[in-house]
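Asks: Sequence:
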Amino acid sequence: MNFILFTKNLETVVTTSSFLLAFREANATKLRQQKQNRLGISKRSIPPVGTTKINFDGAALQKGHEAGIGGVARDSNGLILAWFSYELQRTVDGETAEALTARETADLAKKFGWNNVRIEGDCVNLINKLKSPDMDYSASEPLVQVTKLALASTFVIPFSHVSRDLNNIAHKLATRARAQLFGSGCFSPAEADLFGLLEVDFDC
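If you read the sequence shown in our numbering, its first letter stands for residue 308, the second for the next number, and so on.
Take these hints with a grain of salt, some might be off.
As the list claims (entries may be wrong) - Subject to a maximum C-alpha distance of 35 angstroms in a straight line, what follows is the list of computed DSBU-like cross-link-like pairs (lysine-lysine):
# : residue 1 : residue 2
1 : K438      : K418
2 : K438      : K455
3 : K417      : K455
4 : K417      : K438
5 : K455      : K418
What the hints assert, rightly or not - Beta-carbon label-pair distances, calculated as ranges:
#  : residue 1 : residue 2 : range
6  : P355      : P449      : 29 to 35 angstroms
7  : P440      : L388      : 28 to 34 angstroms
8  : S383      : N432      : 25 to 31 angstroms
9  : A446      : G420      : 17 to 23 angstroms
10 : K418      : Q452      : 18 to 24 angstroms
11 : F419      : V453      : 33 to 39 angstroms
12 : G420      : V453      : 18 to 24 angstroms
13 : N435      : L456      : 24 to 30 angstroms
14 : D441      : N384      : 22 to 28 angstroms
Rather than coming from a laboratory, the hints here were simulated on the basis of the structure. The model shown is predicted, which means the values in this text are computed figures rather than measured ones. Glycine included, every Cβ here is placed at the ideal spot set by N, Cα and C.
Please take these sequences and the hints and turn them into a complete structure.
Replies: As structure tokens, this is what we get:
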């Protein structure tokens, strides 16, 4: 009798413990999603088949002097198709560096003839400008308009703002260029692999 009661009590404890663990995990996932929604941050996602996803980033010191831009393009399987990393030869602020990178991203899409692209970056101000039909008088606005014009004939899934950790490879390419570890742009995935830059940031 005591054995039966003990077994039933143990089963109750195990069931309750499993329920609490599942509840905690579900609640944590919900909280993360709510935070992402508040910040307007896209979660990691796989673009539709036939779509190329391009992440870009610009890195500049507060006072300029050193700046770099980087970007990486992947297919719907997460495989890297091309990337670039350039050191800028002029002093620019952070947003202008981002705008120059966005323009380079548009040139990359045209260079390879990608008609369906999804472009992601971690500079929310620039992403909002790229998505907006309006114009302003900021230093980066001419570059924004050039980027829009370059992509006018391309079907672009709306520009998306992502967090820095979801834009990791593009950020590394930009900061490495700023540190002069790359002398010029490069489009070789195999060579990029030598620098350990090919972490897949998809959910799959």
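Asks: Okay, which hints does this one fail, numbers in order?
Replies: The structure breaks hints 9, 11, 13, 14; every other hint is satisfied.
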